[in-house]
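Protein chains in written order, with full-length UniProt numbering: chain A, 1 to 245; chain B, 1 to 293; chain C, 1 to 274.
These aren't lab readings, by the way, just hints derived from the structure by calculation. Errors might be hidden in some of the hints.
Said to hold, decoys possible - Here are some chain C residues the structure puts well away from chain B; computed CB gaps all over 12 Å: (1) Arg18; (2) Phe126; (3) Pro127; (4) Ser134; (5) Leu138; (6) Glu198; (7) Val222; (8) Lys255; (9) Glu259.
What the hints assert, rightly or not - No farther apart than 30 Å at their CA atoms in a straight line, the calculated lysine-lysine pairs in the DSSO-like style are these: (10) B:Lys29 - A:Lys242; (11) A:Lys235 - B:Lys29; (12) B:Lys53 - A:Lys242; (13) A:Lys235 - B:Lys53.
Unchecked claim - Label pairs and their calculated CB-CB ranges: (14) B:Pro72 - C:Arg105: 23 to 31 Å; (15) B:Gln32 - A:Arg53: 46 to 54 Å; (16) A:Lys235 - B:Glu37: 19 to 27 Å.
Where is the CB? At the ideal position from N, CA and C, for every residue including glycine.
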Amino acid sequence: MSSEPVFVLPGDHIDPSLIPSHPKKPVRLGPGLRHVPPSDLLPTLAGQLVTDRQKNAIRVETSNGRYIPRVGELVIGTINKSASEVYFVSLSDYTAPALLPQLSFESATKKTRPILAPGALVYARVTLANKHMDAELECVSASTGKADGLGPLVGGMLFTVSVGMARLLMMPKKAQQGKVVVLDELADAGLQFETATGRNGRLWVDSDSTKTIIVVGRAIQETDQKSLGADEQRKLVKKLIKELS
Amino acid sequence: MPREAEPSLSERTFTLQAISEGLRLDSRKLDQFRPLELSFGDEYGVADVKLGKTRVLAKVSAEVTVPFSDRPFDGIFQITSELGPMVAPSFEVNRPTETEILLARLLEKTIRRSGALDTESLCLIAGQKCWSVRVDLHILSADGNLIDSSCLAVVAALRHFRRPDTSIEGETLTIYTAAEREPVPLSWLHSPFCTTFDFFGEDGEIVLVDTTWLEEQLRVGSVTFSLNKHGEICQISKLGGKPVEATLIIQCAQMALAKSKEFTDLVDARLAEDAKRRDKGGLMAELSAENER
Amino acid sequence: MPLDTSTYSLALLRIDGRRWNDLRRLHAQIHTQDAADGSSYLEMGHTKVMCVVTGPAEPQAGQKKGTVGSAQATGQKEGASIVVNVVVAGFSSVDRKRRGRNDRRIQEMEITIQKALAANLHTHLFPHSTITVSLHVLSQDGSLLAALINATTLAVIDAGIPMTDYITACTAGSTSSYAAGDDAADPLLDLNTQEEQELPYLTVGTLGDSDKVAVLVCESRVQVSRLEGMLVVGVDGCKQVRRLLDGIVKQKGRKMIKEGAVRRSDMMAVSLDD
Numbered sequence: 001m002s003s004e005p006v007f008v009l010p011g012d013h014i015d016p017s018l019i020p021s022h023p024k025k026p027v028r029l030g031p032g033l034r035h036v037p038p039s040d041l042l043p044t045l046a047g048q049l050v051t052d053r054q055k056n057a058i059r060v061e062t063s064n065g066r067y068i069p070r071v072g073e074l075v076i077g078t079i080n081k082s083a084s085e086v087y088f089v090s091l092s093d094y095t096a097p098a099l100l101p102q103l104s105f106e107s108a109t110k111k112t113r114p115i116l117a118p119g120a121l122v123y124a125r126v127t128l129a130n131k132h133m134d135a136e137l138e139c140v141s142a143s144t145g146k147a148d149g150l151g152p153l154v155g156g157m158l159f160t161v162s163v164g165m166a167r168l169l170m171m172p173k174k175a176q177q178g179k180v181v182v183l184d185e186l187a188d189a190g191l192q193f194e195t196a197t198g199r200n201g202r203l204w205v206d207s208d209s210t211k212t213i214i215v216v217g218r219a220i221q222e223t224d225q226k227s228l229g230a231d232e233q234r235k236l237v238k239k240l241i242k243e244l245s
Numbered sequence: 001m002p003r004e005a006e007p008s009l010s011e012r013t014f015t016l017q018a019i020s021e022g023l024r025l026d027s028r029k030l031d032q033f034r035p036l037e038l039s040f041g042d043e044y045g046v047a048d049v050k051l052g053k054t055r056v057l058a059k060v061s062a063e064v065t066v067p068f069s070d071r072p073f074d075g076i077f078q079i080t081s082e083l084g085p086m087v088a089p090s091f092e093v094n095r096p097t098e099t100e101i102l103l104a105r106l107l108e109k110t111i112r113r114s115g116a117l118d119t120e121s122l123c124l125i126a127g128q129k130c131w132s133v134r135v136d137l138h139i140l141s142a143d144g145n146l147i148d149s150s151c152l153a154v155v156a157a158l159r160h161f162r163r164p165d166t167s168i169e170g171e172t173l174t175i176y177t178a179a180e181r182e183p184v185p186l187s188w189l190h191s192p193f194c195t196t197f198d199f200f201g202e203d204g205e206i207v208l209v210d211t212t213w214l215e216e217q218l219r220v221g222s223v224t225f226s227l228n229k230h231g232e233i234c235q236i237s238k239l240g241g242k243p244v245e246a247t248l249i250i251q252c253a254q255m256a257l258a259k260s261k262e263f264t265d266l267v268d269a270r271l272a273e274d275a276k277r278r279d280k281g282g283l284m285a286e287l288s289a290e291n292e293r
Numbered sequence: 001m002p003l004d005t006s007t008y009s010l011a012l013l014r015i016d017g018r019r020w021n022d023l024r025r026l027h028a029q030i031h032t033q034d035a036a037d038g039s040s041y042l043e044m045g046h047t048k049v050m051c052v053v054t055g056p057a058e059p060q061a062g063q064k065k066g067t068v069g070s071a072q073a074t075g076q077k078e079g080a081s082i083v084v085n086v087v088v089a090g091f092s093s094v095d096r097k098r099r100g101r102n103d104r105r106i107q108e109m110e111i112t113i114q115k116a117l118a119a120n121l122h123t124h125l126f127p128h129s130t131i132t133v134s135l136h137v138l139s140q141d142g143s144l145l146a147a148l149i150n151a152t153t154l155a156v157i158d159a160g161i162p163m164t165d166y167i168t169a170c171t172a173g174s175t176s177s178y179a180a181g182d183d184a185a186d187p188l189l190d191l192n193t194q195e196e197q198e199l200p201y202l203t204v205g206t207l208g209d210s211d212k213v214a215v216l217v218c219e220s221r222v223q224v225s226r227l228e229g230m231l232v233v234g235v236d237g238c239k240q241v242r243r244l245l246d247g248i249v250k251q252k253g254r255k256m257i258k259e260g261a262v263r264r265s266d267m268m269a270v271s272l273d274d
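Looking at chain A on its own, in the form it has when it is part of the complex:
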């Protein structure tokens, strides 16, 4: 199997050799693909076709467009308003809000639950995502009852990046696979900062120094908009650090 990326357009024919065929597991279709009975697969988005032989899954990945929630993904949302039981959280502009039950925070009870003002940020996991329903979120692991880093994000600054960039940033080995070295480079240059990335194309950065936050935000956004390679990213970081001092 060649490792060359395969690009598809909506309605393209997908080569059957690309479709994973695990003997036992059923084929799992990700976003951007539609099953046409009895056995055809049609792409509905333009992008890179990605297959995962182990999970027997296939999907189309795009780096543009608005975020569509999927179960299990980590997102950064903005509280819109609070209702009696839930918070309405907006994941992207001009879309229907997602629901975040007020009790799904770490050690939240009817009496002690976090009070979030409209405009506050939360780091949350998508628990329910159906096509025609509002998505649902949680800030606590349902099995362990621990927050695992989820919950309200206080202070810092939120930057908007493309959905594709957010995906690259969240890869476990982003330097090798995604060719994103900009954050590592910034850290090596001696800047101290904290980040959280949401799959909905949001990047939260916090630091003691205002300048550091601006530099980190600019580095990521510029890398994203100009789709810089690893070497260019290093150059960019050097330039920004120079400006800083």
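Fit chains B and C to the known structure of chain A by using the hints.
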């Protein structure tokens, strides 16, 4: 109607904090514009202005119509602008928002009321025939400072525009096509440009220019000056907002004058470039080849 | 058109006999309508406007968010929204032209007054409510926006809505037309229609006794060097207007005490007679 997007609390506090320290998110200085790009289309009278992520396009067209009965010696000149759902889903067609009303009023005051275009020159036969010049302003994407970029686009498009040449012999009016006679520019009197200043801080003492959408959401007030390079104010509007010191406003006026001169130079340079580009081949070369025979 | 500037230089008197820094007669009444929460009537020369304030009240049904003219301070800060309506009577000016609700010029004035109020009133004290300001123009003779702002200030005071200070406005002009660049031009205060049509002018609105400019609208061509002079005269005029309006409010207060509408115990320690 989809809700208008609003910045989160973190964005608000951080942006304001940074501004109070004299820093902006894109590392610009407080009084620095984003890189401004102006380009003209293949047709006459199309101007495309890019200011950071804000992009506006102005298109000028002209046709011969009957003048208004109360103004028989004047041509018709109008500027239409529309902010549609292409800019942001919160803008609806046919339901003008506050932004749109203020933008339309500002362009009207800056360009039409200040007499930048000599409307009397558009008259062909008094009371019967005149040119109707129309500018269609399309906002393609909005990331703050719509006013300055729109004004620049409209002025540049009007100065770039050429209308067909005409002649009157007795009662007959002849309109020549571009192949018969070279189209003529409009009778343009002066070029006003807008500069918007946005106020931040507790007493509105911090002044920013060319704000992005996020900064625009957080400002406590703003003032827009329209000036031409001769130092004539065509319009000032500080419509409400937090009161600011009068001395600050005078300072802003001086800055606006400098900025207006800069814009004038930019438009002049781009127009000259464009004229050069057109001059090479095109109609003149064609005609001169005929004359040589 | 007869230019009053030609005669001005002879006697330094304007067509209506005023000197350059004279305001026209400013007459105002406060609490003119019993049915409203706050109301006022204001004359600046022959410009006559009425203002009615309703609220802070629950938002009326059918009053949708974000409709034109009712532009409001959205945002996460919960506070009262302000709706301003300006109605210009058909008989108010000479040409008897009917101006519809969609006239951009009127909508701009509505937005200006709304934004000036939003920055000045303590709207955060009245969450989820609406303050409706209705303005009626009965007669126009220049300085219309200034008269509307002054009338609004009086009516809002009458309605008892807390605010930082008075917002007062007036117009200032310059005796030389925009074409001429002579430096001998005198600034003028409080222009009437005839002067507005011939001379460059601007409308200034300031906050209280300070030099802080809340509203500044200029629609005519004028040299930038002349802006400072006009602005100074305008700001000074606003202070004069403020003193006049303050006098009217205090006079009304005294009358209310005399009539027993305000109980002695409710009176503040401040003497109203100063």
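Hints versus structure:
no.: 1; hint: Arg18; in the structure: 24 Å, holds
no.: 2; hint: Phe126; in the structure: 19 Å, holds
no.: 3; hint: Pro127; in the structure: 17 Å, holds
no.: 4; hint: Ser134; in the structure: 18 Å, holds
no.: 5; hint: Leu138; in the structure: 24 Å, holds
no.: 6; hint: Glu198; in the structure: 15 Å, holds
no.: 7; hint: Val222; in the structure: 5 Å, violated
no.: 8; hint: Lys255; in the structure: 31 Å, holds
no.: 9; hint: Glu259; in the structure: 35 Å, holds
no.: 10; hint: B:Lys29 - A:Lys242; in the structure: 17 Å, holds
no.: 11; hint: A:Lys235 - B:Lys29; in the structure: 23 Å, holds
no.: 12; hint: B:Lys53 - A:Lys242; in the structure: 26 Å, holds
no.: 13; hint: A:Lys235 - B:Lys53; in the structure: 24 Å, holds
no.: 14; hint: B:Pro72 - C:Arg105: 23 to 31 Å; in the structure: 24 Å, holds
no.: 15; hint: B:Gln32 - A:Arg53: 46 to 54 Å; in the structure: 52 Å, holds
no.: 16; hint: A:Lys235 - B:Glu37: 19 to 27 Å; in the structure: 24 Å, holds
Hint compliance for this structure: hint 7 alone is broken.
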